[in-house]
Structure formats: C-alpha cells, structure tokens
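Number of protein chains: 2
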Amino acid sequence: MLRSEQVTIDCLQYCNWSPAIFDQMAQGGVDAVHVTICYHEDFGETVQNLETWNRRFQDYSDRIVPGRVAEDVLTARAAGKTAIFFGFQNCSPIEDDVDRVEICHQLGVRFMQLSYNNQSLLATGCYEKEDPGITRMGRQVIREMNRVGLVIDMSHSAERSTLEAIEYSTRPIAITHANPASWHPALRNKSDEVLKALAASGGMVGFSLYPHHLKNLSDCTLPDFCAMVADTAEKMGIDHIGIGSDLCQDQPDSVVAWMRNGRWTRDTDYGEGSSSIPGFPDPPAWFRDNRDFPALGQELLTVGFSKVEVRQIMGGNWLEFFRRSFTREN
Amino acid sequence: MLRSEQVTIDCLQYCNWSPAIFDQMAQGGVDAVHVTICYHEDFGETVQNLETWNRRFQDYSDRIVPGRVAEDVLTARAAGKTAIFFGFQNCSPIEDDVDRVEICHQLGVRFMQLSYNNQSLLATGCYEKEDPGITRMGRQVIREMNRVGLVIDMSHSAERSTLEAIEYSTRPIAITHANPASWHPALRNKSDEVLKALAASGGMVGFSLYPHHLKNLSDCTLPDFCAMVADTAEKMGIDHIGIGSDLCQDQPDSVVAWMRNGRWTRDTDYGEGSSSIPGFPDPPAWFRDNRDFPALGQELLTVGFSKVEVRQIMGGNWLEFFRRSFTREN
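Protein chains in written order, with our numbering: chain A, 2 to 331; chain B, 2 to 331.
Hints may be right or wrong, so weigh each one.
The list treats identical chains as interchangeable, and a pair is accepted whether it falls inside one copy or across any two copies.
[Claimed, not checked] Calculated cross-link-like contacts (lysine to any residue; reagent style SDA-like; alpha-carbon spacing at most 25 angstroms):
(1) Lys130 / Asn147
(2) Lys216 / Pro284
(3) Lys130 / Arg172
(4) Lys130 / Tyr169
(5) Lys130 / Tyr271
The hints are simulated quantities; they were obtained by calculation from the structure and are not laboratory data.
Take the sequences, apply the hints, and build the full model.
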C-alpha cells in the first residue's frame, strides 16, 4: 500500500526562491522538496537563513509548509501545497560543536552533508586528492545524527569517507543528489561500489539533473537519463532510488562562485566548470523547473518501469525513507 | 655576534597567568615567551582572549610587553621585562576564511598550528588514525601565512601533514613544543625524518618539558633531558633547536579537559592521559616554573655544549628565527 502512494518528492533544490517558483511546484504536483539552507555558512549565518524561511512560510502560506516528519508530505499534498524540508550541504553550521547537531534538528534541519567539496572536520570532500575517511569528530557526529534523526548526506563527499559513513551509521544514509560515475564520470558522481553499499544498508540515492552530472551535460536527453535510472535500478534495487534534481533555478552566477569558493581560497576554484565556463550551465531542455516532473514520470513508464515503480522513484521511496529517518532514537 | 646574544626565549607556555608568574619570568631571566591564545576557540572567542591580554599589558606594564617583531625581545630584556608573543594551537580562529589569516597577524598573532590533535580544515592532527596531508584550503592558508609572516607550527600535527607543510611552505616553519619520538615514543613527539626535514628547511624545534613528552614522564631527570638535547643537536644541527617548555603552570584540570575534548566529542578523550590519570601530570622536580631556566642552561654546559651553543639553545636560535619569520613578504 505504502509503495503505491502517489507523491512527488524532489530531494534537493537550491533555487532563488520566489512566489513564481512556489507556483510552479504546485503546477508540477511537487509535494515535498528538500531545500538547501547552507553551503559554507556558520551557525549564526545559517540561523539567519532559517529566519528567512520562517518568513517565507508566513508570506506564502498558501503554497508552502514546513516539513518536519514524513506525514507532512501527505498533509501538504492534501492541501495542494509543498512541504519544505531543510538540509545543509556542509557541516559548517555545527562548527566544532557536537551538541549543535541536536540544536539544528530542533530548528527543523533533516539532512546534513558531512563534507562539501573540501576536507571538513568530519569527512573528506570529492575534490580533495586524498581521502582519509571519517575523522575522530566525524564518528562522534554520526552517532549524534543517528540519535536525533538528522540524515547523513554524502552527496559531495569522497569515496572512502562515504563508504565509512555507510558503515559507521546505524541508520540508512542518503546521497540526495548524484548519478552513477559509470554513466558519467564526474568527481561528484558515485562508484558502483558506493551505490551498492548504500542500497545494501537501506539508503537512498536521488538522481541529479544538474548538467555537470549528466552524460553530454546540458545536451543529455530525457530517454538517456531514464535509461540510466533503469540501469541503476538493476544495480541498487527499485527501493533505493529517487530524484534529487539539484535544481538551481534563477540563481545568479555569483551563487555558484560562493558554492565553489566560499571563503577558503584566494585563487578562483571553478569546480565542475572552468575559466571559460565559470557560471551555472544551461539546464537540459526537458528539465527547466518544477513543472517538468510529470513528463519525467511519463518517460520512466516508457523505458519500462511499472506504474508502481514510477511512483516509488518519483517520491514513494523518499517518503518511506523520511518515515524511517526523521524520528529520534532517544 | 648574533649567535652570542644572551637571551632566554621559551617558545610555548599556557599558564594560568598571574602577577606571580610574571614575577617568576623576571626572576628566571626569561626575555620572551610564546603564549597560547586558543585551543578550540572560534574567532570571536579568540578576540576576547586577545582583549584579556591587552588588559594584562596595561595592568602589568612593569613586567610584560607585547611582542610583535624580534627586536621586541631585546627591548624587553633591556628593560628587565618579558615580551609576550601570541600563538594559536589550532586553526579554529580563522574558521573557514583565508582572509582571517591577515586579520590575526594584524592583531599580533605570530604562530598558528595548522591542526591540533584532530583533523582540521587545513591538516591532520597526531591523534587521527589517517593522515591525508595538507588539504585544499590548507595550501591556500600556508601561502597566506607565508605572505603575512605568520609562522606555521606543526607541534600537534601528524607526520605526513607536517612533512608537506615543510615542503609547501616557502618560509621555515616551527615545531614549537615537542621532543624526538626516538627518545620517547609519544604520539606528540616527532620522527627523525620530520626533525631532519625541519632542519634542512631552516626550521626550528622547541624541546618540551611537558611530562607526557619526556622519557620516564614526570621522573625524567635533567641530565637525561640534556642528553636528549645533545643527541638531537647531532641530528638537526645546533642552529635549529630551542626550548618550548609547554609549561601549564597553575592550570586546573578542567583546562586539560578543554584542550583534549573541546566541543567535538560526547565521549571523554583522555589524550596522553588515561581515565586513571585524567588531569595534568606533575612537572619534573627540576622544571616547575620560569625560575628554573638558568639551571637548565647550566646543565647544558655540563653535558658538553659550549657557552655559545647554550646561548643558541636557550634563546639565540629562536631570536634569529623570529627575525626571519615575522616580517611581511608583501
């Protein structure tokens, strides 16, 4: 029964939020979105970002509601609204304080990456040359995240750190937005070893629609993308896959510069881009905003998934994962 | 001429500062001390610690003066006072901001460790199981420290990170407080490979008198200690050794708990101690406070160093290093 619930969940967006985008979520039938609250912000800056969201929930209460537990997705859907779940793309908000994990959960945060592109206090990012795995503090933080129900997200982390996070975490973890490296060999995409370990532990991957993660980048076709989904379903099992689009709609290029450079470098880091293509890449023609989700679900049927399987991929699996993940253990 | 300058410099203390201790510095003829300003403090907390020192410079102006350039040591000595040079035992005050390096130098800081016992954003600490070397941000920060004249200190860092810091830094670095691991195999002590690379690059080691770094711990004898100094002089050359006592006089055990645990763990980390010996160890009977420096110099003569060599070890080498290190490159 649960698996046939018809919900659409996108497990990663970082748009330049506006009423127009909230309207598009409704038009696309998107019931829940995991939104990014920080990239490099410290705790104080992150709280300011949360305050901005609290105002949005007041100002656009006809469109969006705070998402804290899985059932908020169904409540939002019934009301024709979208539930917004908060996540960090880095561990910078907890600074060096393990007790800040619980504070962040109390403030509504449900996902935290243990590292962004660089080495963090907890784990290694995918752009470092060396990956020593989970640090001493990292082990403490994983245990605390497990306790309070804050999901470990390793989307931007390096291989060994990711495998160790899967191993050390007593609860399933997520890679909210990435694709298989075997399909498109970007540093941000994941090895088959990681994807299989993730599935074996009950974890989830969200397929990314960010062009740098796609075969042929912005020219990737919808059938190619859906064929990759089918291929990954074979590897991981149908229960462990979903969508995490990494949609960065309406953002100026200064935002991607902040993501890549933060305050940590005096050189310019181009990340997945280059000095000739320093900004956000163009999205694929078939995925420009939240209104494009229904066509994606339709194409998944075309490549051979059943209706039940498409429901799982488009949101049912994330809903199940939310049910298992956001509760406190003690 | 320079080498025969008679100065006494201790390149690491973290005492519970009081007028009594400042008096003892004068009685021991200590002309300059590198004092620790932070272990885990963030930038704001570190600024508060600097404010406390600024008040001390006013309140005890008859005893202590701020140390910013090497010549401040000689000025202090001529006035019968002690020059206080600031250092960080961790990179926590610069947070994730490479531009904070220059700010800290402007505030008077002259030494910064790239990591304490744990992995940092820049390098690895000696208690981590894995050491991936200098991180992406670490390379940026080393370059910036070189530019502004903030000395890289690797006292608590792990082997590979230390070797890479020596390699990547264009200016000589310091290990302000540690002993050879070949003499006493503590995690905090340094391999012959590190000590030789340090010397070859023009760097300095300061010998520690902290019991956990000494053979036979608190029972270490003064002749044993001085024999180790002589042995290390053979390995590194007489120009690259000095004193960094790690004196933690009058500190309550809560302070060593802060050093080890900061805010990063919910378990108790005992560092070099254990659950049965959780606090500060007793100092050796022959090194209890700043008044014990003259006897240490005397014993170095006894083990066979010349008068000039003893002057180098007791402060002359650090003075030379200060001259080369604290100036801006541009």
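Evaluate Lys216 and Pro284 at a C-alpha cut-off of 25 angstroms and name the case that applies: within, between, both or neither. The answer is within: 13 angstroms in one copy meets 25 angstroms, while 64 angstroms across copies does not.
How would you label the pair Lys130, Tyr271 (within, between, both, or neither) given a Cα cut-off of 25 angstroms? within (16 angstroms within a copy, 32 angstroms between copies)
Is it within, between, both or neither when you check Lys130 against Tyr169 at 25 angstroms Cα-Cα? both (23 angstroms within a copy, 15 angstroms between copies)
For Lys130 and Asn147, with the copy left unspecified, which applies at a CA distance of at most 25 angstroms: within, between, both, or neither? between (29 angstroms within a copy, 23 angstroms between copies)
When no copy is specified for Lys130 and Arg172, does a C-alpha distance of 25 angstroms or less occur within a copy, between copies, both, or neither? Only across copies: Lys130 and Arg172 sit 24 angstroms apart there, 28 angstroms inside one copy, limit 25 angstroms.
Checked against the numbered hints above, the structure violates none of them.
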